[in-house]
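J.: In our numbering, the protein residues as written are 207 to 421.
Fair warning: there could be bad hints in the mix.
Cβ-Cβ distance ranges computed for the label pairs, FRET-style [stated by the list, open to error]:
#, residue 1, residue 2, range
1, 218, 417, 13 to 21 Å
2, 394, 368, 21 to 29 Å
3, 239, 396, 41 to 49 Å
4, 327, 416, 17 to 25 Å
5, 275, 244, 43 to 51 Å
6, 269, 396, 41 to 49 Å
No lab work stands behind these hints, which were simulated from the structure alone.
It should be emphasised that the depicted structure is a prediction, and the values quoted were computed from it without experimental measurement.
Quick reminder that beta carbons are idealized off the backbone N, C-alpha and C, glycines included.
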Amino acid sequence: MPSVPAARQAMALLRALATAPGPLPAAALARDLGLPRSTTYHLLAAMADDGFVTHYPEDQRWGLGVTAFELGTAYLRQDRLERHARPLLRSLAASLPTDLPSVVHCGILHGRETLYLVTEPGPRPLTTVADVGVRLPASLTASGRAMLAMLPAAQVRALFPDSSSFVDRTGRGPRSASALRALLADERLAGISVEDGFIAQGFASIAAAALDRAD
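Start from the sequences and build out the full structure, keeping to the hints where you can.
T.: Put into structure tokens, the structure is as follows:
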């Protein structure tokens with residue numbers, strides 16, 4: 207397959223902006239991605255013309271544009287998982303207790319992260335960090351570990367080879383490969399995964415993995 211450097215560089219810029227906590231200076235993007243500054247500015251300007259990025263001149267920073275958002279929502283509209291999961295999540299959300307703040311999520315495993323694709327509020331809506339498009343450490347989220355528990359042990363070891371693979375958000379949750387393996391073994395037997403305060407203090411979640419028809 208022929209290499210298209212400009213296309214790869216543009217995608218790298220989009221990915222960097224998508225995973226950043228906020229808009230970034232062009233110089234920081236160039237440094238982090240190892241791109242020449244002139245190339246970075248040219249690509250950002252071209253991408254801004256089509257709405258993929260937005261320039262904030264008062265801050266001298268760049269962020270994602272509305273076209274990037276439109277592409278993301280288009281993926282959700284076309285994704286078969288979203289279409290099949292939405293009615294199930296809606297039914298589950300409606301069955302939850304009315305006096306308990308709750309929300310129902312559906313996500314997929316993406317490397318060492320849980321990527322959330324669908325969300326449905328319960329009878330008493332709850333705002334959480336796990337919104338559509340958000341990525342969270344799979345080792346800490348109940349949904350992430352429910353999926354990890356279904357993977358072969360060798361694949362889990364490859365994803366989490368040592369302590370540097372783990373993220374600490376609240377001081378709770380597995381921080382080593384051995385701790386994760388033990389937790390996954392228990393949750394595999396239980397058929398569900400549970401986290402309480404691993405992602406945010408005062409919030410808890412429970413999850414089960416949904417397998418496709420081939421499984």
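J.: Give a verdict on every hint.
T.: Hint check:
Under the hint 13 to 21 Å, the C-beta atoms of residue 218 and residue 417, about 34 Å apart, miss the expected range. A beta carbon spacing of about 22 Å between residue 394 and residue 368 agrees with the range 21 to 29 Å that was offered as a hint. A hinted range of 41 to 49 Å holds for the C-beta pair residue 239 and residue 396, which are about 43 Å apart. Judged by the Cβ atoms, the range 17 to 25 Å given for residue 327 and residue 416 holds: they are separated by roughly 20 Å.
A beta carbon spacing of about 28 Å between residue 275 and residue 244 contradicts the range 43 to 51 Å that was offered as a hint. For the hinted restraint 41 to 49 Å between residue 269 and residue 396, the CB-CB distance of approximately 42 Å keeps it satisfied.
Hint compliance for this structure: hints 1, 5 are not met, and every other hint is.
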